[in-house]
Amino acid sequence: MFDLLGVPPQVLFGQLLLGLINGSFYALLSLGLAVIFGMLNVINFAHGALYMIGAFVAWLLLTKLGLGYWWALGLSPLIVGLLGVVLEKTMLSRLYKLDHLYGLLLTFGLALIMEGAFRHFYGVSGQPYPIPDALKGGQNLGFMFLPNYRGWVVVASLVVCFGTWFAIERTRLGAYLRAATENPVLVQAFGINVPVMITATYGFGVALAGLAGVLAAPIYQVSPLMGSNLIIVVFAVVVIGGMGSILGAIVTGLGLGLLEGLTKVFYPEASNIVVFVVMAIVLLIKPAGLFGRER
Amino acid sequence: MPDGATVKTAMLEIRDLQAFYGESHVLHGVNIDVRQGEVVTLLGRNGAGKTTTMRSIMGIVGKRNGSIRFQGKELIGMAQHKIPRLGIGYVPEERGIFSSLSVDENLMLPPVVKSGGMTVPQIYELFPNLQGRGTTQGTRLSGGEQQMLAIARILRTGADLILLDEPTEGLAPVIIEQIGVAVRKLKQRGFTIVLVEQNFRFAATIADRHYVMEEGHVVDMIPNDQLAQNMDKLHTYLGV
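If you read the sequences in order, they're chains A and B.
Residue numbers for the first sequence follow this note's numbering, so the first one is 24 and each next one is one higher.
Residue numbers for the second sequence follow this note's numbering, so the first one is 353 and each next one is one higher.
Treat the hints with care, as some may be off.
What the hints assert, rightly or not - Below are the DSS-like pairs computed for lysine-lysine, each with C-alpha atoms no more than 30 Å apart in a straight line:
#, chain 1, residue 1, chain 2, residue 2
1, B, Lys-434, B, Lys-466
2, A, Lys-112, B, Lys-434
3, A, Lys-120, B, Lys-415
Derived by calculation from the structure, the hints in this document are not laboratory data.
Work the whole structure out from these sequences, hints included.
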């Protein structure tokens, strides 16, 4: 077999695939954060915890009710989304008139409470979640072996990300959303119920985190800490992509996942910090982010 | 056309309107009547409360009390997003064209609230400058075109009362002329229009009556046909 830049192709493509998987989760999670930030101006620190709850709901559905993966794929985002609606209605909505920092503090506190509660009941060791039968096995692509489930995660995440992008950038509902992000008072003065839109946006954004949690359950274990392990990188992705930019979140998420994978091949020592190095450089050169607009 | 203003029904009745932004009390008992089909202007210096009066009608001030009745329905206490749905269209002073939306998206944004709104071809006939600009980013239009777009998007909704806040501000005379022609055509179509204006020469060419505001109240009402006799008074009010 030939070598690429002195690296066996199996290693290179294996790491790239791993990068693409991580990138899919970065993209899904940072997309939700971007949608929420755009509309609510809140940095949703509870995002990682809600991703974790998405995975736990899938696990609980399976172990308590015997409902499998495909049920979880529908039900878990719905349940997490409804939880988001309740949080927004009862708590977050009271903070919009205050500094953005209060929203950040509230969601950070909520994240600690949610993670603490799950740690209390389920410990930190992690629960296994089986890959659904239909997605077991893999394909030999010649240059590498692709497990079916991982291929599915990448495709599902891409479809959801670009579906969301299309809905926001190309539909009438998306036009309301973009307009309300820019000037909520005027959109309200056209007869659109903006507070309801804000609640729905938060619910949708966290439902994406719940979906990511279900997709992640068979790959990573279902553990109370799975969210906080991931969320710091996701925040870096959002900053690099540009706060509130939908396309920025998707492209940056996937791109940085791949970059991390490549770094693991060529200079493994740097793989944990490469995202933050990129963030520092982007902030120096283009403070609004790669896809962000200066406000 | 005979001046039938007195026999026409009152469309908008504002009584003892008080409005506040935070601690500051901005309107101190405003009384205004607008009849169906009229064009009424609010004149006055900066800070007299004209824009606040409009924002109070739309329910987008901090706090308001008194009474604002539109076609007999009380607007004070009504949920903000329900007010435009009664048939009131608002064109804000800053025009409010959305930069993240194309011209078409801006035009189609406000939901239709009543039947009988103008169709898009009719709107293009009124504002030919907007035709063929659909995919342009909204804020890339010139100031005058943005003003036309801000008016145009309200005409689609079927609103029969239109609040126009300083439509001529910062525009070149030739564009002001075009806006004036459009507003007169809207009047002929039966729209009721409340207009805030600093440029009272412009106002005089289209309005039926003028309310003069000072320090948060209405201090005078001058019918347009008596404008000539009241010029001195008006100059004192406006300080021009």
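Cross-check of the supplied hints:
no.	hint	result
1	B/Lys-434 x B/Lys-466	13 Å, holds
2	A/Lys-112 x B/Lys-434	20 Å, holds
3	A/Lys-120 x B/Lys-415	15 Å, holds
Checked against the numbered hints above, the structure violates none of them.
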